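Asks: Spelled out from the first residue to the last, the chains are:
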Amino acid sequence: MLKILKYSFYDLMRSRWSYVYFFFYLLLGIVLLFLNNNLSKAVITLMNVIITLVPLIGTIFGVMYYYNSKEFTELLLAQPVKRTSIFLGQYFGVALSLSMSLILGLGLPFVFYGVFMSSAIWDFVLLLITGTFLTLIFTALAFNIALANENKIKGFGYAILLWLFMAVIYDGIFLMSLMFFEDYPLDKFSLIATMFNPIDLSRVLILLKLDISALLGYTGAVFQKFFGTNFGFVVSTAVLSIWVLIPTYFIKKQASKKDF
Amino acid sequence: MKLFYILLFTLFLSFPKQSAYGNTLEVCSSCEYKSIKVAIAQAQDFDTIVIKKGLYKEMNIVIDKPLTLIGENYPVIDGEFKGEIITITSDNVTVDGLFIINVGTSYTEDYAAIRVIKSKNFLIQNLKLEKLFFGIFLEKSSDGKVFHNNIIGDAVEEYNSGNGIQLWYCKNIEIDQNIVTHVRDGIYLEFSDFCKITNNKSRENIRYGLHFMFSNDDLYQNNIFQNNGAGVAVMFSKRIKMYDNLFKDNWGSASYGVLLKEINDSEIIGNTFETNTIGINIEGTNRIIYKNNHFTGNGWAIKFRGACYANNFTENNFLYNSFDLSYNSKLNDNKFDHNYWSSYTGYDLDKNGIGDVPYRPVKLFSYIVNRTPETIILLRSLFIDIIDFSEKVSPVFTPDNLLDNYPQMKIITND
Amino acid sequence: MIEIKELHKKFGKNQVLKGVDLDINQGGIFAILGPNGSGKTTLIKSVLGMVIPQSGTININGKTIKKDWKYRKEIDYLPQIANFPNNLSVKELIKMIKDLRANYTQKDLELIELFKLEPFLNKKLGNLSGGTKQKVNLVLTFMFDSPLIILDEPTTGLDPIALIRLKGLINSEKEKGKTILITSHIMSFVEEISDEIVFLLEGKIYFKGTISELKSKTDQPDFEHAIASILTQSYA
Chain D
121 MLKILKYSFY DLMRSRWSYV YFFFYLLLGI VLLFLNNNLS KAVITLMNVI
171 ITLVPLIGTI FGVMYYYNSK EFTELLLAQP VKRTSIFLGQ YFGVALSLSM
221 SLILGLGLPF VFYGVFMSSA IWDFVLLLIT GTFLTLIFTA LAFNIALANE
271 NKIKGFGYAI LLWLFMAVIY DGIFLMSLMF FEDYPLDKFS LIATMFNPID
321 LSRVLILLKL DISALLGYTG AVFQKFFGTN FGFVVSTAVL SIWVLIPTYF
371 IKKQASKKDF
Chain R
936 MKLFYILLFT LFLSFPKQSA YGNTLEVCSS CEYKSIKVAI AQAQDFDTIV
986 IKKGLYKEMN IVIDKPLTLI GENYPVIDGE FKGEIITITS DNVTVDGLFI
1036 INVGTSYTED YAAIRVIKSK NFLIQNLKLE KLFFGIFLEK SSDGKVFHNN
1086 IIGDAVEEYN SGNGIQLWYC KNIEIDQNIV THVRDGIYLE FSDFCKITNN
1136 KSRENIRYGL HFMFSNDDLY QNNIFQNNGA GVAVMFSKRI KMYDNLFKDN
1186 WGSASYGVLL KEINDSEIIG NTFETNTIGI NIEGTNRIIY KNNHFTGNGW
1236 AIKFRGACYA NNFTENNFLY NSFDLSYNSK LNDNKFDHNY WSSYTGYDLD
1286 KNGIGDVPYR PVKLFSYIVN RTPETIILLR SLFIDIIDFS EKVSPVFTPD
1336 NLLDNYPQMK IITND
Chain Y
84 MIEIKELHKK FGKNQVLKGV DLDINQGGIF AILGPNGSGK TTLIKSVLGM
134 VIPQSGTINI NGKTIKKDWK YRKEIDYLPQ IANFPNNLSV KELIKMIKDL
184 RANYTQKDLE LIELFKLEPF LNKKLGNLSG GTKQKVNLVL TFMFDSPLII
234 LDEPTTGLDP IALIRLKGLI NSEKEKGKTI LITSHIMSFV EEISDEIVFL
284 LEGKIYFKGT ISELKSKTDQ PDFEHAIASI LTQSYA
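Residue numbers (our numbering), protein chains in the order written: chain D, 121 to 380; chain R, 936 to 1350; chain Y, 84 to 319.
Hints are computed from structural coordinates only; laboratory data are not their basis. In this text the structure is predicted, and so the values were computed from the model without any measurement. You may find that some hints are simply not true.
[What the hints assert, rightly or not] Listed below are several chain D residues computed to face chain R (Cβ distance under 8 Å; list not exhaustive):
{"no.": "1", "residue": "Ala287"}
{"no.": "2", "residue": "Phe294"}
{"no.": "3", "residue": "Val324"}
{"no.": "4", "residue": "Leu327"}
{"no.": "5", "residue": "Ala334"}
{"no.": "6", "residue": "Gly337"}
[Said to hold, decoys possible] Lysine to any residue pairs mimicking SDA-like chemistry, simulated, CA-CA at most 25 Å apart:
{"no.": "7", "chain 1": "D", "residue 1": "Lys378", "chain 2": "Y", "residue 2": "Lys101"}
{"no.": "8", "chain 1": "D", "residue 1": "Lys272", "chain 2": "Y", "residue 2": "Asn210"}
{"no.": "9", "chain 1": "D", "residue 1": "Lys161", "chain 2": "R", "residue 2": "Asn1287"}
{"no.": "10", "chain 1": "Y", "residue 1": "Lys174", "chain 2": "D", "residue 2": "Phe129"}
{"no.": "11", "chain 1": "R", "residue 1": "Lys1075", "chain 2": "R", "residue 2": "Asp999"}
{"no.": "12", "chain 1": "D", "residue 1": "Lys373", "chain 2": "Y", "residue 2": "Gly139"}
{"no.": "13", "chain 1": "D", "residue 1": "Lys378", "chain 2": "Y", "residue 2": "Gly102"}
{"no.": "14", "chain 1": "Y", "residue 1": "Lys156", "chain 2": "D", "residue 2": "Leu125"}
{"no.": "15", "chain 1": "R", "residue 1": "Lys987", "chain 2": "R", "residue 2": "Ser964"}
{"no.": "16", "chain 1": "Y", "residue 1": "Lys206", "chain 2": "D", "residue 2": "Tyr130"}
{"no.": "17", "chain 1": "D", "residue 1": "Lys161", "chain 2": "R", "residue 2": "Gly1205"}
[Stated by the list, open to error] One-sided excerpt, in silico: chain D residues whose CB lies under 7 Å from chain R:
{"no.": "18", "residue": "Val288"}
{"no.": "19", "residue": "Met299"}
{"no.": "20", "residue": "Glu302"}
{"no.": "21", "residue": "Leu306"}
{"no.": "22", "residue": "Asp331"}
Beta carbons are placed, not taken as given, at the ideal position from N, Cα and C, and that holds for glycine.
Only chain D is shown next, with the shape it has when bound in the complex:
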């Protein structure tokens, strides 16, 4: 698997999209920091970028890579290589190169700005960690979509829909149901609903750092426990990891069943 990962990674490193992605983040980091000259504001804007753009790019890129490397995949399938390692290798290759573009692209300007000297370092590190998580999750979901759909156009369509659903529609439904059932105790429900959407989950993980003072304004005991202690952080991180593991498992499962 490591060999496949290596080749996928090299392949991507020489693809111009990785650079586009990298330079986009680099530019974003520079604009946010050096034009605005304000670390706290930059961190807040970055959060918005990370929870919307990273999943979008993860899905699109994952689907695109899968379809574009079909030839490569077929070549590999006839080689004495384990099937699942081919797909997992490719998946990790994509996810890794995307994460690297993200971490380096944003990291460099922040390092030059002196984030290590500031108190925002942990907010920033948390942003990068959740960004990496989201990349892993959405690339895995994209691979699943692509594996299930031979038709490229369909695959892209589903990928965009997935993103749209997770990033916008889900929260819309979530909000509506909270307002509709407002007479009932909802804190458990809302936390569970958060767990089912990795974007919401990452958002909450970042909120724990950026907006903890607002989150503690709610009286429910479950919220209090979740936000007021390390419990929330631990649970969110654990569930995010599960969100990586499950789609990865399904890549494995689909890969070992599919015909080429």
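Dock chains R and Y against chain D, hints included.
Replies: Relative to the frame of chain D, chains R and Y by itself:
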């Protein structure tokens, strides 16, 4: 009552003014006086009692004549949890440099480490109080000073704990440079006017860092209120001046930097509200000037709960609060001008330092959260940003005229 | 060498293999023939593990290939359409495949020489013509010395000289005692090169034997007509 004061005053005048030229009595295990009580009983007016280092298991020490009690190297007075320790009933008393511990706890009596009753011109300074019920309790007293005391309680529950410094029907008291932690209310003023509360640190108290009730014309300045159960509460008072204080880390569902309730004609200037659940909670307050305050990283910088008229917010900085303003009515009679809002996204084409587009500090989402608190979990979601944006473009739920017409482009720096 | 029993494969509603039984012994060249859509490629891909059959077993050297991948070390496969990652160069591709198989053979140099590929070594695969790609494909297939070689339409896009070289190559491999499976539409090529024919029709083995046996069975004087007669019979 008035008659009583006049009586007291004439009584005070009738004493011969030997004052500071009194004798010095020493108290220690090997001294002539082995107990403080005995020394007080023996002392003449305006004598000085020096208490040497040591442990004194005494309580109900009543200072009923103008004396100066000075501790040398912090002698410990241990009340053994039996009741009140020192009670001052005379004018012109100074208590200085004592370490008072183990005040008795009671559900019927407010035992204090040191209590001043109906006295004037007292000075209570450099005390250390630990294991207490109430700390320094001033009742019906005036013209005194509480300076540089260190009060460390061990309160856990509200119902069986007392306040650090409490004023009840007092006038002209200065409370300066005290540190109060782990009690119920750090500093509590009730029916106390013309007091100055300056340079104190009040933190980690289980209820309020500072609590005002029915007290007018008071000033509090340069204090730090941090991590108190419910922050600072100022209620039913007039003409309060709040300058240059720091309100920080007051977290919780009923926790505020400042809770203002029925406050009129006051000034809140130059304060910093940092990472509180609610910076200022406003209810039934009128004609208050908010100027040059910094609201940084609060859940809600300012939360209006209704019946607030003619308040004026000008030249404040609102930085990275989850919500800058929460408003519960469609009417607005308050002014918000020339503030800096970090979430302002307008532009300044004429380069006059003022944004060309007015800023709307109330977001639709803050309404939603007011209605259904659980929705807070959707904070900063893309969907919320979208509905906030649409509300900004065409306000439906937020007051139409709640605008900062002169939003500043740069952070306002004072002086 | 290869034992296939009761192999069934369906793609959606389309039943492609309907119980294939086939034994192929070690040594010799076997041509798998059949009309379009008869399941030749599916059969080959099943042997390679790229297609997963609904039922039936495939044993190679006595071991089942189900859930195994190491047996592919013993197989060299030439895919029908030479699909390669476009942004790799020929040289890198060869290096990569060697690395993946952990087999650092030097035979590729010989083959590059044979097919005159030196000028293309540093070119990106995306920029090569179909014929050149097929030559690269051949190099990748023949550079490992595996006992089983599977060639799916090996002649596609080759010029006459390359075709002659390919035939020579196949024969020399046969002489080493290897088993070679070929599918092709070029009957003359099949007739010239193969020892035995496996004829697939409607997802089943219709005939297995030598060309002369086929001729006598169909009563036709030459190979092409023999094939044609099978097809007309089946369509009739």
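Asks: For every hint, state whether the structure bears it out.
Replies: Evaluated hints:
Contact between alanine 287 (chain D) and chain R, as hinted, is supported at the beta carbon level, the nearest pair being about 5 Å apart and thus within 8 Å. Given hint, phenylalanine 294 (chain D) at the interface with chain R, holds; its Cβ is 6 Å from that chain's nearest Cβ, closer than 8 Å. Annotation: valine 324 (chain D) was flagged as interfacial toward chain R, and the flag holds, the nearest CB pair being 6 Å apart, inside 8 Å. Using the Cβ-Cβ criterion of 8 Å, the hint placing leucine 327 (chain D) at the interface with chain R is satisfied: the shortest such distance is roughly 6 Å.
Because the closest C-beta pair between alanine 334 (chain D) and chain R is about 3 Å apart, less than 8 Å, the hint holds. Contact between glycine 337 (chain D) and chain R, as hinted, is supported at the beta carbon level, the nearest pair being about 5 Å apart and thus within 8 Å. Distance hint between lysine 378 (chain D) and lysine 101 (chain Y) is fulfilled; the C-alpha atoms sit about 19 Å from each other, no more than 25 Å. Of the pairs offered as hints, the one joining lysine 272 (chain D) and asparagine 210 (chain Y) holds, with about 23 Å between alpha carbons and a cut-off of 25 Å not exceeded.
About 23 Å separates the Cα atoms of lysine 161 (chain D) and asparagine 1287 (chain R), which keeps this hinted pair within 25 Å; it holds. Annotation: proposed proximity of lysine 174 (chain Y) to phenylalanine 129 (chain D) holds, straight-line Cα distance about 18 Å (limit 25 Å). With a CA separation close to 16 Å, the supplied pair lysine 1075 (chain R) and aspartate 999 (chain R) stays within the 25 Å bound. This hinted pair checks out: lysine 373 (chain D) and glycine 139 (chain Y) have alpha carbons roughly 21 Å apart, not beyond 25 Å.
A distance of roughly 20 Å separates the Cα atoms of lysine 378 (chain D) and glycine 102 (chain Y); the hinted pair therefore holds under the 25 Å criterion. The hinted pair formed by lysine 156 (chain Y) and leucine 125 (chain D) meets the criterion: a straight-line CA distance of about 20 Å does not exceed 25 Å. Between lysine 987 (chain R) and serine 964 (chain R) the CA atoms are separated by roughly 9 Å; this keeps the pair inside 25 Å, and the hint holds. Proposed proximity of lysine 206 (chain Y) and tyrosine 130 (chain D) is supported: the alpha carbons are some 17 Å apart, at most 25 Å.
In summary, the hint linking lysine 161 (chain D) to glycine 1205 (chain R) is supported, as the alpha carbons are separated by about 23 Å, within the 25 Å threshold. With its C-beta approaching chain R no nearer than about 5 Å, valine 288 (chain D) sits inside the 7 Å limit, and its interface hint holds. Interface restraint check: methionine 299 (chain D) against chain R, minimum CB-CB distance 5 Å, threshold 7 Å, status holds. With a cut of 7 Å, the hint placing glutamate 302 (chain D) at the interface with chain R holds, because the nearest CB-to-CB distance is about 4 Å.
For leucine 306 (chain D), the shortest C-beta to C-beta distance to chain R is roughly 4 Å, which falls under 7 Å, so the interface hint holds. Restraint check, aspartate 331 (chain D) versus chain R: the minimum CB separation of about 4 Å is within 7 Å; hint holds.
When each numbered hint is compared with the structure, no violation occurs for any of them.
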